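Undergrad: Sequence:
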Amino acid sequence: MGFFDKIKAGLTRTRENIGHSFDSLFAGELDDDFYDELEETLILSDMGVNATMKATEELRRRTKERKIKDAAGAKDCLREILTEMLQVGPGELDLTKSPSVLLVIGVNGVGKTTTIGKLGALLKADGKRVLFAAADTFRAAAADQLEIWSDRCGVELVRQHEGADPAAVVYDAMQAAKARKCDVVLVDTAGRLHNKQNLMNELTKIGKVIDREVPGGRTETLLVLDATTGQNGLIQAKQFQEATGITGIVLTKLDGSAKGGIVVAIAQELGIPVKFIGVGEGIDDLMPFQPEEFVRALL
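91 is the number that the working numbering gives to position 91 of the sequence shown; each next residue is one higher, with no gaps.
Think of the hints as simulated: they come from the structure by calculation, not from any bench. One or more of the hints may lead you astray.
Unchecked claim - Straight-line distance between alpha carbons at most 27 angstroms, and here's what the computed BS3-like set of lysine-lysine pairs gives: (1) K75 to K205; (2) K54 to K67; (3) K54 to K64; (4) K128 to K67; (5) K124 to K97; (6) K97 to K64; (7) K67 to K124; (8) K54 to K128; (9) K75 to K54; (10) K253 to K238; (11) K238 to K124; (12) K181 to K54; (13) K97 to K253; (14) K181 to K208; (15) K124 to K54; (16) K238 to K205; (17) K67 to K97; (18) K181 to K128; (19) K97 to K181.
Stated by the list, open to error - Distance ranges between label pairs, derived from CB positions: (20) I148 to E242: 50 to 58 angstroms; (21) T96 to E29: 34 to 42 angstroms; (22) D94 to D36: 36 to 44 angstroms.
Because the structure is a prediction, the values reported are computed rather than measured. Where a beta carbon is used, it is the ideal one built from N, C-alpha and C, also for glycine.
Please put together the full structure from these sequences, using the hints given.
TA: Right, dumping it as structure tokens:
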């Protein structure tokens, strides 16, 4: 099953909730009522007010400019606009340095450790030598969970005991990566510390270790978000963005009750590209994000 089919299946609830609204909308007249209903429908899809207003205002402008008179003709125009709104930065990982370091962050429960496992399998299948660093030493069994994934996809793991200094784990991982000539190091981090300042301090400390041990090495910071949390996911993203620079989003759980519009809201509110999406429980159900195909499935 390809990207489009998996996304289409994953967005079943969105279409069940608002699909009939889209169908009736684009079968009607291109008038003020159309735009009012379109705004309501997009907001119901978790796109948020700001992204919705931007999309509808641009649609008004383009349909007028192109002399589009009917709602059916506006549908392709809307697809075009939403696709452009999702293209806010490089969609691919920067793996030009060796070893490249991917720092994976996010609150507990979003599927962070599982995402690391799936991403490791994806990178290994692409011919990369991958190493996992179990730097989430605060959550009980986090390292054990990552070890299960390392065994499952045949990726090496560096870990210490529960409660160990996360930066010390990262230091060991950097040493191991250089000695074993690894291409990519995936670092699992704590999902929740006592407050935002503690989180920022911990991530800053880890970043300093990486910079010192791999001078000039490229570090991507990937924020994992649960798509089913909707606008709460956007709030999480804003908080993490304040604590540390984020280079990309991994959106998980698009195979359940998620509403796909949150992807557009994140791209527009934060200017951060969605790089991967999770569309199932299988090891191969983490896929590189394709904006055009995603919008086609959403509409």
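Undergrad: Which hints, by number, does the structure contradict?
TA: Checked against the structure, the hints that fail are numbers 1, 4, 6, 7, 8, 11, 12, 13, 15, 17, 20, 21, while the rest are satisfied.
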